[in-house]
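Trainee: Chains as they are written, first to last, in the numbering used here: chain A, 1 to 281; chain B, 1 to 281; chain C, 1 to 281; chain D, 1 to 281.
Honestly, the hints are just simulated from the structure, not real lab data.
It cannot be assumed that every hint is accurate.
Where chains are identical, the list cannot tell them apart; a pair therefore holds if satisfied intra-copy or between any two copies.
Said to hold, decoys possible - Result set (SDA-like, lysine to any residue): computed pairs, CA atoms no more than 25 angstroms apart in a straight line:
id, residue 1, residue 2
1, K48, A182
2, K107, G195
3, K48, H93
4, K53, S13
5, K30, L149
6, K163, V196
7, K30, T123
8, K245, G256
Number of protein chains: 4
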Amino acid sequence: MAVVLGQNNYGKSRVRLVQVTRHKDRHDMKELDVAIQVQGDFTAAHTKGDNAKVLPTDTMKNTVYALAQGDPVVDPEAFALKLSAHFLDTQAHISEARVEVREHLWKRIAVNGKPHRHSFLSTGDERRVGIATRSRASVAVEGGIDGLLVLKTTGSAFAGYIKDRYTTLPETDDRIFSTVVASRWRYAIPDSDFGVLWREIRRITLETFAEHNSQSVQQTVYLTGKLVLDTFDAISEIRFSLPNKHCLLVNLAPLGLENHNEIFVPTDEPYGLIEATIKRT
Amino acid sequence: MAVVLGQNNYGKSRVRLVQVTRHKDRHDMKELDVAIQVQGDFTAAHTKGDNAKVLPTDTMKNTVYALAQGDPVVDPEAFALKLSAHFLDTQAHISEARVEVREHLWKRIAVNGKPHRHSFLSTGDERRVGIATRSRASVAVEGGIDGLLVLKTTGSAFAGYIKDRYTTLPETDDRIFSTVVASRWRYAIPDSDFGVLWREIRRITLETFAEHNSQSVQQTVYLTGKLVLDTFDAISEIRFSLPNKHCLLVNLAPLGLENHNEIFVPTDEPYGLIEATIKRT
Amino acid sequence: MAVVLGQNNYGKSRVRLVQVTRHKDRHDMKELDVAIQVQGDFTAAHTKGDNAKVLPTDTMKNTVYALAQGDPVVDPEAFALKLSAHFLDTQAHISEARVEVREHLWKRIAVNGKPHRHSFLSTGDERRVGIATRSRASVAVEGGIDGLLVLKTTGSAFAGYIKDRYTTLPETDDRIFSTVVASRWRYAIPDSDFGVLWREIRRITLETFAEHNSQSVQQTVYLTGKLVLDTFDAISEIRFSLPNKHCLLVNLAPLGLENHNEIFVPTDEPYGLIEATIKRT
Amino acid sequence: MAVVLGQNNYGKSRVRLVQVTRHKDRHDMKELDVAIQVQGDFTAAHTKGDNAKVLPTDTMKNTVYALAQGDPVVDPEAFALKLSAHFLDTQAHISEARVEVREHLWKRIAVNGKPHRHSFLSTGDERRVGIATRSRASVAVEGGIDGLLVLKTTGSAFAGYIKDRYTTLPETDDRIFSTVVASRWRYAIPDSDFGVLWREIRRITLETFAEHNSQSVQQTVYLTGKLVLDTFDAISEIRFSLPNKHCLLVNLAPLGLENHNEIFVPTDEPYGLIEATIKRT
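Take the sequences, apply the hints, and build the full model.
Mentor: Spelled out as structure tokens, the structure:
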């Protein structure tokens, strides 16, 4: 059997950008980081060291800055679409370009209760995500959330599960539920109102987490996805990847104390990981 | 010259705690992590392997949970004071206990515009800090902020500095200024209104950052400290440690484009680091 | 269109284990971390909150310890196979189990030039990886390397590539090439001699990196994969994911100095990322 | 009471450098990162925004590259001495310069059993450290080790300690002892043979860890320091900061299994932290 080149792709990751838009009465600011991956006819580069069809990843980085110039990024999805189109439009041998744009979220600093015109405060590790995967035949656009850390102190149970010889976990009808939401949704059409949908899906995610009387992470995930799809025709599918940030009840009995479900140790490892896609038939 | 034991201390770090307080109409929640270090008569442990005077760090960890039980933590400073007192009160050979309590900050999830009664959202990497350093003779209490990431798009200059043969940095009267505030302030008396002071120092820090027309990080740091000390007699000293999160203007000229002070690369390294203490005479 | 549950899976990640095997003349030690993901009939858990078919991830964690007990892990692949078999053998409704075992690498401390019988030194961030993906019909076994950080100071060029309006990168016939190797190979049959193959593939990877006169990361990747497949019939396919850890030549001209290809800045971001699969026809 | 500027310092951190020295038969390579902090007459910068005495941190960064050019770094300590001298020699208003140089450690890749002439492999997270703190009156030089991760499977006990009402830790005469050595030693004179001393102190640290029958981390720390000072007159003092990387015995009894001191969970938090200085009278 001969040895051949299979699936291959390359590009630039962690292209970071702060874009300032200087209005008369205020400045707007976006922080983004961009990852680009292309596929195409790169066999000669691999097998012969012939770079004639290789667009350097350094050029991809420059392209991010060039295409941002003079055209303020509003939605990560739209910037991902624009970048992916550029690579296919200018490079005939590229068959697919995948661009992922991650937005770091900032809000204005309040001074005397009013949002400041040019000063900002990071809102943490949460990212808004936009992804375009474009081939010669089609383009898929996804939105997403990463790093949304939440915790509820009640309204979460876990019971009725399988017990085998290695089971030691006690059933509970009242536990802490904490997770870091990572989600990706697919837009039915590539020119949706990305910003509105992101805000609404984020709102549904938070409100469902807060209000739902959860029997498991799985149930909450499914309900959230179902609500998103029931509410927005523009969304065709949503995926979740949720780590269970376990908060363990501390056993205070050996210390001569009772723990009335109040004192917990949050732990980072090991962690449960629950992943599901909710889609339309 | 004989070899001897010099300065030594030991303790437990990263003791993590989530404390839930279950009110009828709502739950309160705190996430803390605690670091304890003690000094005292530990020579025999070092030189003879005699542990008769060693309180295990595992016991220190248990003590954090025991002292939190039934007494909801409000201010990190107060919990640090309580823990440090416990170790000196119960261990005659301990001469000093330093306890640092870091609060991870959460806010309530809004549901239909109203704060939810038991569901929370992390506000990011910022930490509120309380430190008690207690000896047999005295106790010092500090408050602090870590991880407060801010950025302003104008109102910052850097010019008029020394030029030597290795200087390449161009002077600028309009640059981005971004930093991660770490500050520690010392309370004049150990029973101050910690929560109010933390909120007010944080407000002064943010407002000064936003409003001050900065000639350097040093000038902004000094002004912030001066405002804090001018405003609050209860604060005797404040220190800052500020990394300069450089945002570099991208040179678009080789791409045939102009950069009207709009496109920047944020960088993590190398970084300037500016540290200063502002105090009373 | 109705809303339905699509692809879903769950399990436990970062189950950490140190296993000590106490021989008369020496101790052996392994450090592993394990991630388990299962698929199967979990619709009711998602749609009804019915956990009757849910094996808790806590039980999966316990199972790792139980199956390690009394049976020292030698190869990560074999432990992954054993764990994946357990879940399919004991849970009729589980259709697929994927187990990834990562080995942290240690070597013995040398004392008077001889390997010590029970004391060890970490060799860094490199990991040996073994993965079993088992369904009712078949099992796939993969080996892998993560975190193998290498650098060569010459023997790497990058030239002859596409230039477009955004290209600024100069061609070079002598650059630093540094990367962190991540690779995964698929065994043709599930009972290969995993340890020998891991050592040999690692050796080929390092020697090819060192010796090959590279025209691009792509060319080095392909050659490495081809050599592995040409040498070992037991390997049916190998994938690489290589970040280009760029070392940029410092421009010393403004400082009145020449840089004879000697002074570089290593950078973490942005970074090129090159991925390819080499396989048999 | 007037508000005044107290202790202040500033500089550049994480200045990264790869230096290649191209010999005929082989290349040498060093990876370093450098942090510089200076003190001096910087009051006007803080209080008036007057930068006339401010050497930009960007210039400090350039100086690192300029002083490395043409003069291959051998010992971190020597490069720290050279850099610190430069700042005091060229800037009359700087009263103290502290330079910390961290060396990332690499070894040559073996090809056919022989060290390759220009290809290298990282040896992990361990760093060799050199620090010079230079004032107008004196200079202090320190060497150090960071990130040396070790583990022994026996030869470590912990018993005979204080028990109080919160103690739950069982005494043990045979536990795993794992730590990440961080140490700093002070040279009696600033022109010691830094490389030889670093290698020897590292050897003593590893061999003592391996061979010593430890009653506590404290005892091992003290013994290591004593051996270093007893062996080398050139070292006047050594400090250690050792986290206890706890490996907890897994309770297999609920799973119907025995754990013959073989199955452990390594944990990152909470962790004991033991710090001590060993010095001469």
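Trainee: Among the hints numbered above, which are violated by the structure, and what are their numbers in rising order?
Mentor: Failing hints, ascending: 6, 8.
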